[in-house]
Every structure is written in structure tokens, then in C-alpha cells.
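**Student:** Protein chains in written order, with this note's numbering: chain A, 1 to 403; chain B, 1001 to 1051.
Everything labelled a hint here was simulated from the structure, so no lab data went into it.
A virtual CB, placed ideally from N, CA and C, is assigned to each residue, including glycine.
Among the hints, erroneous ones may be present.
Claimed, not checked - What the simulated footprint calls covered on chain B by chain A, stretch by stretch (three residues with Cβ under 8 angstroms from a Cβ of chain A suffice, anywhere in the stretch; the number is not a length): (1) 1011 to 1018; (2) 1030 to 1039; (3) 1042 to 1051.
Said to hold, decoys possible - Below, a list of computed lysine-lysine pairs in the DSS-like style, where the Cα atoms sit at most 30 angstroms apart: (4) LYS1044(B) x LYS299(A); (5) LYS1046(B) x LYS46(A); (6) LYS15(A) x LYS93(A); (7) LYS93(A) x LYS1017(B); (8) LYS264(A) x LYS1032(B); (9) LYS113(A) x LYS77(A); (10) LYS1017(B) x LYS55(A); (11) LYS1017(B) x LYS10(A); (12) LYS202(A) x LYS10(A); (13) LYS113(A) x LYS55(A); (14) LYS299(A) x LYS1017(B); (15) LYS10(A) x LYS55(A); (16) LYS1046(B) x LYS299(A); (17) LYS46(A) x LYS93(A); (18) LYS87(A) x LYS77(A); (19) LYS264(A) x LYS1017(B); (20) LYS202(A) x LYS113(A); (21) LYS93(A) x LYS55(A); (22) LYS77(A) x LYS10(A); (23) LYS202(A) x LYS1044(B); (24) LYS202(A) x LYS1046(B); (25) LYS1032(B) x LYS10(A); (26) LYS1017(B) x LYS15(A); (27) LYS1046(B) x LYS10(A); (28) LYS264(A) x LYS1046(B); (29) LYS1046(B) x LYS77(A); (30) LYS1046(B) x LYS55(A); (31) LYS113(A) x LYS1017(B); (32) LYS1032(B) x LYS299(A); (33) LYS1044(B) x LYS55(A); (34) LYS254(A) x LYS1017(B); (35) LYS93(A) x LYS1044(B); (36) LYS55(A) x LYS77(A); (37) LYS286(A) x LYS299(A); (38) LYS254(A) x LYS1032(B); (39) LYS15(A) x LYS1032(B); (40) LYS286(A) x LYS264(A).
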Amino acid sequence: MTAEKSKNNKAPLDKLRVLDIATFIAAPFCGVILADFGAEVLKIEKPGEGDPLRKFGTPVEPEQDTFVWLTEARNKKSVTLDLRTPKGVELFKGLVSQSDIVLENFRPGTLEKWGIGYDVLSQINPGLIMLRVSGYGQDGPYSSRPGFARAAHAFAGLAYLCGEPGQMPVMPGSTSLADYVSGMWGTIGIMMALESRRHSGKGQVVDIALYESVFRLMDEMLPVYERTGFVRERMGAETVNAVPHSHYQTRDQKYVALACSSDKMFERMCHIMGCPENAMPDTYGKVSAREENRPLINKIVQDWFITLDASDAITNCQQGGVPCAALFSIEDIYNDPHYQARGNFEVFNDPRFNAEMQVTLLQNANKEAFPALHYLVLRTSTMTLIIRHEETLRFLMTHALTQ
Amino acid sequence: MVPTALPRLSDTPAVLKNLGPALGDATDSVYKSLLNLTDAEVQKLKQERVI
């Protein structure tokens, strides 16, 4: 993602204009992807208050927009417009006549109520492509229900599978998965609609339900149930159809993820662990035998991992050709050389937040007197520090200024 | 700092031009350039809270 590279190559979507009239993440995430690759994305926001995403999450500074806004509305332009007024609708129609794509995630029927359903807008612009993201889709008995990603995770069968057997299901790691995945499905749909438009000249509607976006990712769950009646249940860190395929603790009290998804992989793992006899056809070489003996297989693997620190265990697995990774916190991610080498973090100095001055003040701090602070400066972005340790920062600023 | 954009394209990679914009940062320019509104018209629409 370098500026020099892009100078020689036009952005792939720079001919497209997108009107993003959606809120929060689901449809707007599609807008971010399009904007990242050159589309002009106009974020249409209610005058005065704007997208509620601006106030969702951790603010960059008190009363400021949040980090999630800065991240997930990047590369967009903000245009205020009240679609609930007749004059606003007229202006919107004018913008539609000069745009390629509309992104929306109001409850089904809302745009029709305002007189700007696809039937109306496609009269103005027959090539218009409209992404409609909603909780339950544009039709069906639940279409008018309010939707949110957490409810989508539940309705799609994902939340039911998360947690320990017989215990209350837990949140599957993120409450925004369905939003982000819907934005991605939406982007796929728009790319296909654009290709179709190239031949037909006509636009179309891309109808995405939050729950469908997740349900489509549930591998063999449906066909297996339909054929055998098997109802998949919560299995903690484990999974169906593969053993060992779980999390294991290491000597240094860390956790690693191991995925032996085939008999071949288990054979390799047994060689790594120094017990090749466990991978024979008459022992546990076949997954059916391992599934019948889950506790025993997991014990064999766990007993091996607990003798090693995570880094050594991962190295051994890697050398033996078995996929294994540490369970990373954001701190681990931030400090990982591979993330750094792949350029997965992008720094952007935004003049609105005066970041340079703050960095200078922090660097002037007496590191010996404030070891904890030094640690934070090394390990987190300054903005995070300012938010989470406001009092410390105030003290530090006073200290730095009086030095 | 934000997560770098995906997917990673070899010839036409994503470019980070700005973070989430301030509310209405392009309101004037968009209405003037796309809908040919005058300064006075834009001001009037703002007073009416339409934009």
C-alpha cells in the first residue's frame, strides 16, 4: 500500500461514485473496501449528528469521533443530507443520477416509504447498483425485524456452537463478524453486478441478510443434519470431524492452536511427539479411531505441549509440517515481526489529532522514573495511551513541560 | 494506526488517503460540483437543516 506504486497504476475503481447512506458497519464496510481501491465514496449523513458509528467505541479524544469511525470510514468523504425531508430526497435523486452504486442498511421498506426505493431510483439511473443489507433480508416473515450482528450470529447457528458443552453459549470472539462479513459479501455482489452491467447496461439489487452472511460459512452442518439428523453442539476448543484439533497449554502458561485435519497430519504430529506408533492403522491412525478416543488423543497431545514453551512447540510443529500457532492478544500481534514485515499496520498522521506533539512529549519522558509508562509507549500507540491513561498522561505532560 | 486494506493487489494496491472524515467535510464541494448549486443555495439548504 505505497503511494509510489499507485502513481504508475490507476486505482481499479476510480471511475465509480458510491453513495453510502448506511450506518454502522455492515454496508459501510463494503464502502470502505470500494474506497480503498479508488471509488469516490460519499458518506451521506444526517445533518448535525452524522452516522452513530462516530460515537460508537473508544473516542480518539473526549467528544471526538471514535477509532472505529476513523478506521471504518477511511477514504470516504462526508456529505450531510436529511433523507427524511422532501427537499433532501430531491437532492439525493440528483446525486443518484450521477452515481453508480448506493449502499443502504435501513430496515426493509424504509427507502420505499421515503420514495427512494430501487424502482424509483432505477428510473433515474438504470445502471444503478444498490446494496441492501438488513438483519433478515428484503423479504420473508422476519424481514421487518430489527437486526444486529449479535442477533445474526445467534440466528445463523454460530453462537450456539461457541462455548463449553452444556454451558451457556459464549460470544464468538467478536460482536461485529456478521457486519464485516456482510460488507464483504456485499462487495462480491457489487463486483458481479458491475460485470453484469458491463454487458447489459442495467444495474440490479444486491440483497444481503446479516444472518445469511454467517450461515453460508457453516460448512457441512446443513447437509449432514438433513441426511443424518446430527445436531452439532458446543465442543469448547474442539471441533467436529478432526482430532486433535484444539487448543493446548504450553509450559510457559500460553495456549497454542493445533490443527491435525487429516490422518497424514496426525502421523506427522506423532513423529514430532516421538510416538509414531500412535499413527498406525491399528492404533489411532484413522480419524474414526481418534474420534472414538478424543480424551486419550487430547491427553497425549497435551502431555507433549506442556513440556515445551510455546515458541519451541511451534517451531517443532512447523519443522514437522503441522499447522500450529500461538493464541495472540493484540499486544502479541502488535509486536510480531511477520505482521510488521507484511505491512499489516498502516500509520496515518491526521492533523486533526495533533499526534506529533503528543509523541514528542512522550519521548521526552524520564523512562527510568516511569518504567510502566515506558512500557506502554513501546507497546501501544500513543493515542491508546492517551485514552486509557489520561491521568498518567496529564502528569507526564506536566513533567515534560517543566523539565 | 489502522489495519492495512485488503485484498493485496500487485499492480493496483489500496491507498490510504484519509481516515474517517469530519462530518460534512465534502458537503459544499459535492453539492456545488455535482448538482451545480451556488454558495447561496448551499447556505440556504444548511439553514433549513436539509444538509
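**Student:** Against this structure, judge whether each hint is valid.
**Tutor:** Now the hints, each set against the structure:
A stretch counts as covered by a chain when three or more of its residues have a beta carbon under 8 angstroms from one of that chain; for the region 1011 to 1018 of chain B and chain A the count is 8, and the coverage holds. Only residues whose C-beta sits within less than 8 angstroms of a C-beta in chain A count toward coverage, and the region 1030 to 1039 of chain B has 4 of them, enough to reach three; the restraint holds. With 6 residues having a Cβ less than 8 angstroms from any Cβ of chain A, the region 1042 to 1051 of chain B passes the three-residue criterion, so the hint holds. The straight-line distance between the Cα atoms of LYS1044(B) and LYS299(A) is roughly 73 angstroms, outside the 30 angstroms bound, and the hint therefore fails.
Restraint check for LYS1046(B) and LYS46(A): satisfied, since their Cα atoms lie roughly 12 angstroms apart, inside the 30 angstroms limit. Among the hinted pairs, LYS15(A) with LYS93(A) is consistent with the structure: their alpha-carbon atoms are about 20 angstroms apart, no more than 30 angstroms. Under the criterion of a C-alpha separation no larger than 30 angstroms, the hint pairing LYS93(A) with LYS1017(B) is consistent with the structure, at around 28 angstroms. Between the alpha carbons of LYS264(A) and LYS1032(B) the distance comes to roughly 65 angstroms, so the proposed pair goes past 30 angstroms and is violated.
A C-alpha spacing of about 27 angstroms is found between LYS113(A) and LYS77(A), which places the hinted pair at or below 30 angstroms, so the restraint holds. A threshold of 30 angstroms between alpha carbons decides the hint, and for LYS1017(B) with LYS55(A) the separation of about 22 angstroms falls inside it, so the pair holds. In summary, the hint linking LYS1017(B) to LYS10(A) is supported, as the alpha carbons are separated by about 14 angstroms, within the 30 angstroms threshold. For the hint pairing LYS202(A) with LYS10(A), the CA-to-CA distance comes to about 25 angstroms; that is within 30 angstroms, so the pair holds.
A threshold of 30 angstroms between alpha carbons decides the hint, and for LYS113(A) with LYS55(A) the separation of about 27 angstroms falls inside it, so the pair holds. The hinted pair formed by LYS299(A) and LYS1017(B) fails the criterion: a straight-line CA distance of about 51 angstroms is larger than 30 angstroms. At most 30 angstroms may separate the alpha-carbon atoms for a hinted pair to count; LYS10(A) and LYS55(A) exceed this at roughly 34 angstroms. In summary, the hint linking LYS1046(B) to LYS299(A) is not supported, as the alpha carbons are separated by about 68 angstroms, beyond the 30 angstroms threshold.
A C-alpha spacing of about 16 angstroms is found between LYS46(A) and LYS93(A), which places the hinted pair at or below 30 angstroms, so the restraint holds. Annotation: proposed proximity of LYS87(A) to LYS77(A) holds, straight-line Cα distance about 21 angstroms (limit 30 angstroms). Among the hinted pairs, LYS264(A) with LYS1017(B) is inconsistent with the structure: their alpha-carbon atoms are about 47 angstroms apart, more than 30 angstroms. At roughly 24 angstroms between alpha-carbon atoms, LYS202(A) and LYS113(A) fall within 30 angstroms of each other, so this suggested pair holds.
The hinted pair formed by LYS93(A) and LYS55(A) meets the criterion: a straight-line CA distance of about 28 angstroms does not exceed 30 angstroms. This hinted pair checks out: LYS77(A) and LYS10(A) have alpha carbons roughly 20 angstroms apart, not beyond 30 angstroms. Under the criterion of a C-alpha separation no larger than 30 angstroms, the hint pairing LYS202(A) with LYS1044(B) is inconsistent with the structure, at around 36 angstroms. For the proposed pair LYS202(A) and LYS1046(B), the alpha carbon gap of about 35 angstroms is over 30 angstroms, so the pair is violated.
Simply put, LYS1032(B) and LYS10(A) have alpha-carbon atoms about 26 angstroms apart, close enough for the 30 angstroms limit, and the pair holds. For the suggested pair LYS1017(B) and LYS15(A), the alpha carbons sit about 17 angstroms apart, so the restraint of at most 30 angstroms is met. Restraint check for LYS1046(B) and LYS10(A): not satisfied, since their Cα atoms lie roughly 36 angstroms apart, outside the 30 angstroms limit. Distance hint between LYS264(A) and LYS1046(B) is unfulfilled; the C-alpha atoms sit about 67 angstroms from each other, more than 30 angstroms.
Between LYS1046(B) and LYS77(A), the direct Cα distance comes to roughly 18 angstroms. Compliance with the 30 angstroms bound is thereby established for this hinted pair. Our distance criterion of 30 angstroms between C-alpha atoms is met by LYS1046(B) and LYS55(A), whose separation comes to about 23 angstroms. Simply put, LYS113(A) and LYS1017(B) have alpha-carbon atoms about 36 angstroms apart, too far for the 30 angstroms limit, and the pair is violated. Restraint check for LYS1032(B) and LYS299(A): not satisfied, since their Cα atoms lie roughly 69 angstroms apart, outside the 30 angstroms limit.
Of the pairs offered as hints, the one joining LYS1044(B) and LYS55(A) holds, with about 28 angstroms between alpha carbons and a cut-off of 30 angstroms not exceeded. For a cut-off of 30 angstroms, the pair hint linking LYS254(A) to LYS1017(B) is broken: about 39 angstroms separates their Cα positions. Between LYS93(A) and LYS1044(B) the alpha-carbon distance is near 19 angstroms, which keeps this suggested pair within the 30 angstroms criterion. Annotation: proposed proximity of LYS55(A) to LYS77(A) holds, straight-line Cα distance about 18 angstroms (limit 30 angstroms).
With a C-alpha separation of about 17 angstroms, the suggested pair LYS286(A) and LYS299(A) falls inside the 30 angstroms cut-off, and the hint holds. Note on LYS254(A) and LYS1032(B): the hinted pairing is violated, with a Cα-Cα distance of about 58 angstroms set against a maximum of 30 angstroms. A C-alpha spacing of about 19 angstroms is found between LYS15(A) and LYS1032(B), which places the hinted pair at or below 30 angstroms, so the restraint holds. For a cut-off of 30 angstroms, the pair hint linking LYS286(A) to LYS264(A) stands: about 9 angstroms separates their Cα positions.
Of the numbered hints stated above, those contradicted by the structure are hints 4, 8, 14, 15, 16, 19, 23, 24, 27, 28, 31, 32, 34, 38, listed in ascending order.
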